[in-house]
Amino acid sequence: MADDSRYYQVGQRPREVVLHPAGDEPLRRHRVPFTRRHLVKWRSRANPKSLRHERRLSDKRPLWWVLGLGALLIATPFLSNSMITIAAIFCMFAAINVLWTLVIGTAGIFSLATLAIVGIGGYAAAGLNVWIALPWPLMFVVGGLAGLIVGGFLALPSTRLDGLYYALLTMGFAEICRVFVVQLKVLGPTNGSINSVGSFIPRDWFLQRPGLLMGFGGAFILLLLSLLVFRIVNSERLGMRLQTAREEVGGEAFAEAVGIDYRQARLYVFLITSGCLGVIGAFYAMFYMSISPSIFSLDQLLLLFAMIVIGGLGRSEGAVIGTAIVVLIDKGMLELGPLRILLIAAIMLGVTLWTDNGIAGIRDQFRTYRNRKKSEARARRTEKGGEVMPEEAIEFTDKQEVYYRRFQKRLRDHLKTLITDDLIEQHRKAPLGKHSDALNRVLNYFRRGEMADKYAIMRQPDGFHKYKVVAFSGERGAPPRLVDDKTYEDINDAYHAVFLLRVNDLLES
Amino acid sequence: MDILGTLIHGLNLAAIYGLMAIGISILWSSIGMINMAHGATFAVSGYAAWLASSAMKPVIAAAFGKTLMAKFAMAGVTVGAGVTAGAMFGAIIYLLAFLPIHDKPNYPVRSLIVTLAINLATVQLLLWYFGPRSRGLPKLFGFGKFEVLGIPIRYDQAGAIISTAVILGLVLLWLKVSRKGLEIRAMMQNPEGAVLSGISVRWTALPVTMLTGALAGLAAILLSQTIFVSPTSGALPLIKGLTIALLGGLGSVPGAVAGAVIIGFLEATVGALPFLGQRYVLFAQFLFIITVLIIRPRGLGGLLDETRE
Chain A
1 MADDSRYYQV GQRPREVVLH PAGDEPLRRH RVPFTRRHLV KWRSRANPKS LRHERRLSDK
61 RPLWWVLGLG ALLIATPFLS NSMITIAAIF CMFAAINVLW TLVIGTAGIF SLATLAIVGI
121 GGYAAAGLNV WIALPWPLMF VVGGLAGLIV GGFLALPSTR LDGLYYALLT MGFAEICRVF
181 VVQLKVLGPT NGSINSVGSF IPRDWFLQRP GLLMGFGGAF ILLLLSLLVF RIVNSERLGM
241 RLQTAREEVG GEAFAEAVGI DYRQARLYVF LITSGCLGVI GAFYAMFYMS ISPSIFSLDQ
301 LLLLFAMIVI GGLGRSEGAV IGTAIVVLID KGMLELGPLR ILLIAAIMLG VTLWTDNGIA
361 GIRDQFRTYR NRKKSEARAR RTEKGGEVMP EEAIEFTDKQ EVYYRRFQKR LRDHLKTLIT
421 DDLIEQHRKA PLGKHSDALN RVLNYFRRGE MADKYAIMRQ PDGFHKYKVV AFSGERGAPP
481 RLVDDKTYED INDAYHAVFL LRVNDLLES
Chain B
1001 MDILGTLIHG LNLAAIYGLM AIGISILWSS IGMINMAHGA TFAVSGYAAW LASSAMKPVI
1061 AAAFGKTLMA KFAMAGVTVG AGVTAGAMFG AIIYLLAFLP IHDKPNYPVR SLIVTLAINL
1121 ATVQLLLWYF GPRSRGLPKL FGFGKFEVLG IPIRYDQAGA IISTAVILGL VLLWLKVSRK
1181 GLEIRAMMQN PEGAVLSGIS VRWTALPVTM LTGALAGLAA ILLSQTIFVS PTSGALPLIK
1241 GLTIALLGGL GSVPGAVAGA VIIGFLEATV GALPFLGQRY VLFAQFLFII TVLIIRPRGL
1301 GGLLDETRE
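Protein sequences, first through last, are from chains A and B. Using the working numbering, count along the first sequence one by one with no gaps and you end on 509. Using the working numbering, count along the second sequence one by one with no gaps and you end on 1309.
For the record, the hints were derived by calculation from the structure and aren't laboratory data. Honestly, I wouldn't trust all of these hints.
As the list claims (entries may be wrong) - Simulated pairs of lysine-lysine, BS3-like, Cα-Cα distance not exceeding 30 Å: (1) B:Lys1104 x A:Lys374; (2) A:Lys399 x A:Lys374; (3) B:Lys1104 x A:Lys373; (4) A:Lys454 x A:Lys486; (5) A:Lys454 x A:Lys468; (6) A:Lys373 x A:Lys409.
Just so we're clear, the structure is a prediction, and the values are computed from it rather than from any experiment.
Please build the complete structure, drawing on both the sequences and the hints.
Quick look at the structure:
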């Protein structure tokens, strides 16, 4: 007979993309220049079933990043002017949020001064550009320096105060900045804003299509740079040191005990982030060619906070996804009016009520949920009835025992369904002789049983046709014990009594 | 500058901010929630009071005419509507921000985010439904002023100060002597210990949220004697209440009272100084609070932060 058996592919493993390189082909992995890091995480293994060498991508996130950002980059030039602006704003806010994630997630400092630092960087750069005619490339330097200085000033109390107190302090700082800028005499006529700032966009291209595309390009590069900063800070030495201190219970004490100066590490992260935020501030001023005190306002801050909350605190992809959602709703659906904020609030509410860590954490949450459901279902399937529970299976050296017990359990379950009043009546009429199929199966099971489960019929010394039923102890040397005092006059009655006892034992097992 | 007038003004502000701050402080220490929707409660109560008073105006005028009774009835309706609306909104906050998530990990941050979302949504809803125009509430205490020891005091100031003192006294007494108050204080001291001795977290949290909501409603009515009700009118009292609660040390009622008095006087003084004025009030307050927090990182009376883990 021709072998027409088919293999059914079960689960999701078969759908994973797996390379099958030749076994003698040398492994070529490209390293990022000047580092020992690889670009993507290829892992090799020998598949024990197919006996083939295979190589798979064990971390596919770089792939998704490239796809998502690549799609944005390719699609944007074909969009309308307003959509290009939205894309550019998205890139800029995403850059800010990625850096903010670094502060809140990696460093664990609950700072709300992010936009204040951006604003100060922007104001410093814009002011110097307007009043001492600083050329625009130097504005980035000025913004970064201003951010660094303000960050250093803000970082001082960050190790002393905890959580909410620091959040309040930084919120107050933003308010102080706003009032200070609005009260400045020089900016009085413009209500606190600096206008006609020099920019990398030529002046006569401003708000024209080429100018918008340039703005988008700049914002996109900014986003890439901030993601790079995130990668370098979060996953290299600084981030590794801070990861120890981030444990819920006693993390900080443990980090200190193993010699990690987590306070210093947090300070560094905060300073680096502040410098970068200052650079973004300078870009912000150039992008709009002006900067106004509204950047310090509480509403703007809350909107940004909504972005990182919706995406998921502490993850760069969360920051970017959340920014995309909120920017699309807030800037892309202008016709909805005040309903936009309502929609954002509703999303925020839903995300916080139903997810553990924002939208970026849904995948992990779903896997945890599925695993829990799986193990619940397994527990329901394996009721104990002589069968081996999964957690006991490791105690058996001979795994055949596990399967033998499972077989016995299923056999007993099946035999229990066979036992009916008719069957018992049939046995009562004729304990010996030809039986129906069902009775034969039951009797065969009884005959194959362990000695300890069995009974015997004992003839009484005081009469030839007097029988009693005894039960074997199953132990060598230990005599059988009497089951009850009942004496049977007929051997067939005794046979039937033993049968009933065994049936009873079977039904109780 | 009129020092005594400033004193009274400061006390008036202290009374109103104190109501907000104590609400926030009690909520934090008993159920571990930073209620960012306290401002929304404030605005909602103000609108409820306005709606009720304008709806009942003809009825009361028909029943009592222009007698003293009419004034009392009006005051009763306004205060009753405001306080009830505050308590109801507190219950809504309990349903959204406490009940579904109080046993999930990272509860303080989650509840903060949820209440923030409630605040955003409520303010937008009010803006949508009532429009940005601000409304005036009926003057509960009438116009005019009287003099005590040569200090002129406006009726609404005296009313606010006295009624706050009375209400706060009643609330603290209730916390002190009643069975529920005992449970709430147990929760404030040690939530886990309270649960172990058979106090239900859920049934203790509901009165707490409703009580603090009612306090915010009262604050809304008292403050609306001097300013108007508008959808965003809750933002400033929320920030002030939050800063005072933090200044006093979260969870400490005496600290909150002290903080309210200090901040109230600071606001009155800065507002009255000729070279500073109203625009620098928030600036000065934040500067002051930052200074205090750097010297005393847990606020004036803050000890509970350590025990509440």
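Could you grab the alpha-carbon distance between A:Lys454 and A:Lys486 and see if it respects the 30 Å cut-off? 18 Å, holds
Hint check: A:Lys454 vs A:Lys468, CA-CA at most 30 Å. Holds or violated? Given that 30 Å is the threshold and the Cα spacing comes to 14 Å, the pair holds.
Restraint check for B:Lys1104 with A:Lys373, where alpha carbons must lie at most 30 Å apart: 19 Å, holds
With a cut-off of 30 Å on the C-alpha distance, tell me whether A:Lys399 and A:Lys374 pass. This hinted pair holds, its Cα atoms lying about 23 Å apart.
Can you confirm whether the C-alpha distance between B:Lys1104 and A:Lys374 stays at or below 30 Å? 22 Å, holds
Against the 30 Å threshold, does the CA-CA distance of A:Lys373 and A:Lys409 hold or violate the hint? Holds. A:Lys373 to A:Lys409 sits at ~25 Å (cutoff 30 Å).
Taken one by one, the earlier hints all hold for this structure without exception.
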